[in-house]
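K.L.:
What follows is the residue order along each chain.
Protein chains: 2
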Amino acid sequence: MFVNPAEWHEICTKMFTTVGVPEEDAGLVADTALTADIRGVASHGSVRLPVYRERIQRGLINPTPSIRIVNDCPTLVHLDGDNGLAQVVDNKAAQIAAERANKYGVCCVATYNTNHMALLSHYGLKIAEQGLIAYIMCNTPPFVATMGAAEPVIGTNPICWCIPGKEFPIVLDMAISPARGKIKNAAAAGKPIPEGWALDKNGRPTTDAAAALEGMLLPIAGHKGYGIGVVVEVFSALLTGGKYGKNVTHPLDDYDHKPNCGNFIMALDPSKIMAEEDFVRRVDDYVQMVKSSKKSSPDADILFPGELEHRNELLVAERGLEISDETYQQYKSMVGQ
Amino acid sequence: MFVNPAEWHEICTKMFTTVGVPEEDAGLVADTALTADIRGVASHGSVRLPVYRERIQRGLINPTPSIRIVNDCPTLVHLDGDNGLAQVVDNKAAQIAAERANKYGVCCVATYNTNHMALLSHYGLKIAEQGLIAYIMCNTPPFVATMGAAEPVIGTNPICWCIPGKEFPIVLDMAISPARGKIKNAAAAGKPIPEGWALDKNGRPTTDAAAALEGMLLPIAGHKGYGIGVVVEVFSALLTGGKYGKNVTHPLDDYDHKPNCGNFIMALDPSKIMAEEDFVRRVDDYVQMVKSSKKSSPDADILFPGELEHRNELLVAERGLEISDETYQQYKSMVGQ
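So the protein lines, in turn, are chains A and B.
Each number in this note's numbering corresponds to the 1-based position in the first sequence with 240 added.
Each number in this note's numbering corresponds to the 1-based position in the second sequence with 240 added.
Since the hints were derived computationally from the structure, they do not count as laboratory data.
Where hints are given, some of them may not hold.
Any copy, or any two copies together, can satisfy a pair, since identical chains are not distinguished.
[Unchecked claim] Derived BS3-like pairs: lysine-lysine, alpha-carbon spacing no greater than 25 Å straight-line:
hint : residue 1 : residue 2
1    : 406       : 424
2    : 441       : 535
3    : 572       : 534
4    : 535       : 486
5    : 534       : 441
6    : 406       : 535
7    : 534       : 483
8    : 535       : 431
9    : 343       : 424
10   : 486       : 534
11   : 441       : 531
Since this is a predicted model, take the numbers as computed values, not measurements.
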């Protein structure tokens with residue numbers, strides 16, 4: 241079924257006000273989920289909300305955190321999330337980063353005691369909407385091996401940059417490994433996965449999707465993907481005071497621990513170097529330069545990072561948001577409708 | 241032959257003082273080349289120096305630039321390199337970034353009107369030696385295609401992070417494509433290159449190294465490598481005022497243009513969040529955690545980013561720097577010795 245995003249936002253918000261989250265904060269959780277749903281990244285969208293809700297109900301997430309600046313330098317800010325929802329803590333972090341970038345040129349906010357961040361580019365887009373460049377990182381539990389290892393040593397560790405553009409913001413929001421979701425889909429369909437994606441539980445290369453799920457992922461581009469994963473671990477966990485490496489517990493699946501996630505958010509103001517319109521003009525000129533390149537076939541499409549997600553936004557604006565009947569009914573009943 | 245690095249440094253310095261570069265600046269050029277040579281990245285080391293020297297002699301590089309802060313915010317600094325050697329301009333940029341990071345927590349310096357940066361991690365290591373984290377980017381002429389394109393649309397666009405460590409600094413300094421040097425070596429040896437590395441001049445996939453050299457590279461990890469390349473182009477060129485996209489001319493091979501390279505250097509001070517020794521202890525704990533993981537075979541080596549280069553430094557300290565007899569004689573005669 242197709243729902244009106246505003247209606248879906250209201251239902252998602254109520255899922256949290258009904259478990260003690262203040263109205264405004266509950267709206268932030270819904271915002272984040274809707275951004276992912278509307279941009280076609282459903283795996284990071286409203287599908288996650290029942291878990292967040294259950295974690296609040298089971299005392300694993302603080303619904304009313306006192307988010308606190310611990311150190312203030314003033315362009316490197318250390319933020320204690322008091323175990324609040326990341327959607328609340330990191331929204332605050334992005335706000336601080338943007339305000340300070342406007343003032344000083346650049347600002348980085350390092351958060352800890354936070355939870356599952358979901359779509360990094362949600363926070364980045366909030367920053368880019370203000371004409372600023374965002375750079376965001378977040379570590380995850382270890383799922384990924386590296387050369388010479390026969391067990392996971394690093395997370396899928398997403399890294400994200402968002403840049404203001406003319407027709408659409410440039411957005412790169414990527415994990416340093418193939419997506420586990422794609423492997424799950426292959427396993428469900430009984431299909432193989434490409435070579436180089438995964439090892440089995442004994443650390444041997446495999447193209448068997450089921451064996452890969454029992455085993456571990458491999459980093460993209462070998463030592464380069466692994467290296468980016470290490471960088472993400474440093475910025476988002478070692479630097480922030482968050483849990484790192486093998487001590488990271490799953491912020492969704494593990495109900496025995498509070499995860500103490502750490503995140504890193506930077507905002508940078510290009511208008512401190514050139515007029516905002518000049519920067520956006522240069523970005524647009526570059527986009528057009530790349531997109532008008534010689535094509536490999538007449539119907540080839542040279543995409544820019546973030547362009548597919550922007551097309552999805554346009555599609556949703558036209559026809560509404562596709563939600564399964566089952567999810568729609570489940571969420572409605574959760575909020576007593 | 242093996243030379244004493246100090247002797248080699250002196251010869252390299254003289255190569256530039258003899259063409260009008262002030263002694264201190266010439267020393268910086270030698271520093272950068274030596275860092276690359278000593279860390280086993282000879283392709284970015286002293287082998288490049290005759291080209292820099294010739295470019296100075298032909299009026300393409302300004303040997304005595306007036307490097308000038310154009311905008312000062314104070315943590316986003318715009319630096320006009322006055323067409324100086326990047327080894328001089330970006331050393332200044334790294335210095336400013338580190339000083340300001342010490343004061344404010346973080347500082348980014350965007351340079352333009354500069355030249356070939358060579359090894360990004362040289363500048364990053366200078367920052368990491370002071371206990372700071374470095375993040376550096378630099379665009380290049382277009383050598384890399386992307387999905388749907390049949391011509392190069394983006395540079396090999398290196399990106400680099402350096403992080404202080406206990407036994408060695410963590411260093412990731414990577415291009416977003418396979419190394420052209422490896423393809424040149426394969427072509428010279430008449431060997432094929434792996435699938436997915438390159439397209440021929442008509443934009444068709446090829447494993448023929450010679451055809452690849454006439455054609456174009458492919459980004460690592462498909463849209464992810466391409467996306468990182470776009471990010472590097474934005475930070476180092478669109479933001480700085482440097483040349484971007486297809487307008488970039490080769491800073492070594494093109495003797496018809498001054499390249500107006502742009503670079504981006506960030507420094508961040510972890511001691512604003514926790515005591516320096518606590519940060520380094522966390523980094524070291526993480527390094528040990530990863531390195532002590534279960535191995536794929538008893539003699540497997542789980543390396544950390546920057547570890548191989550550190551081992552090369554130790555080797556050079558022991559036995560000296562390997563330089564070909566021909567290069568040694570050539571450089572000596574250039575400086576009249």
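K.L.:
If a hint holds in the structure, say so; if it does not, say that too.
P.N.:
Evaluated hints:
Taking the closest pair of Cα atoms, residue 406 and residue 424 never come within 25 Å of each other, the shortest separation being 37 Å inside a single copy and 39 Å across copies. Taking identical chains as interchangeable, the C-alpha atoms of residue 441 and residue 535 lie at most 25 Å apart only when they sit on different chains, with a minimum of 12 Å there against 42 Å within one chain. When the C-alpha separation of residue 572 and residue 534 is checked against a cutoff of 25 Å, the pair qualifies neither within a copy, at 50 Å, nor between copies, at 47 Å. Taking CA atoms no more than 25 Å apart as the test, residue 535 paired with residue 486 passes between copies only; the shortest distance there is 15 Å, against 45 Å inside one copy.
Taking the shortest Cα distances, residue 534 and residue 441 sit within 25 Å of each other only across copies (12 Å), while inside one copy they are farther apart (44 Å). Taking CA atoms no more than 25 Å apart as the test, residue 406 paired with residue 535 passes inside one copy only; the shortest distance there is 23 Å, against 49 Å between copies. With identical chains, the CA atoms of residue 534 and residue 483 are at most 25 Å apart between copies only, with a shortest distance of 21 Å across copies and 47 Å within one. Taking CA atoms no more than 25 Å apart as the test, residue 535 paired with residue 431 passes in neither setting, with 31 Å inside one copy and 29 Å between copies.
Taking the shortest alpha-carbon separations for residue 343 and residue 424, neither the intra-copy value of 46 Å nor the inter-copy value of 48 Å comes in at or below 25 Å. In this homomeric assembly, residue 486 and residue 534 come within 25 Å of each other (Cα to Cα) only across copies, at 12 Å, whereas the closest approach inside a single copy is 46 Å. In this homomeric assembly, residue 441 and residue 531 come within 25 Å of each other (Cα to Cα) only across copies, at 19 Å, whereas the closest approach inside a single copy is 42 Å.
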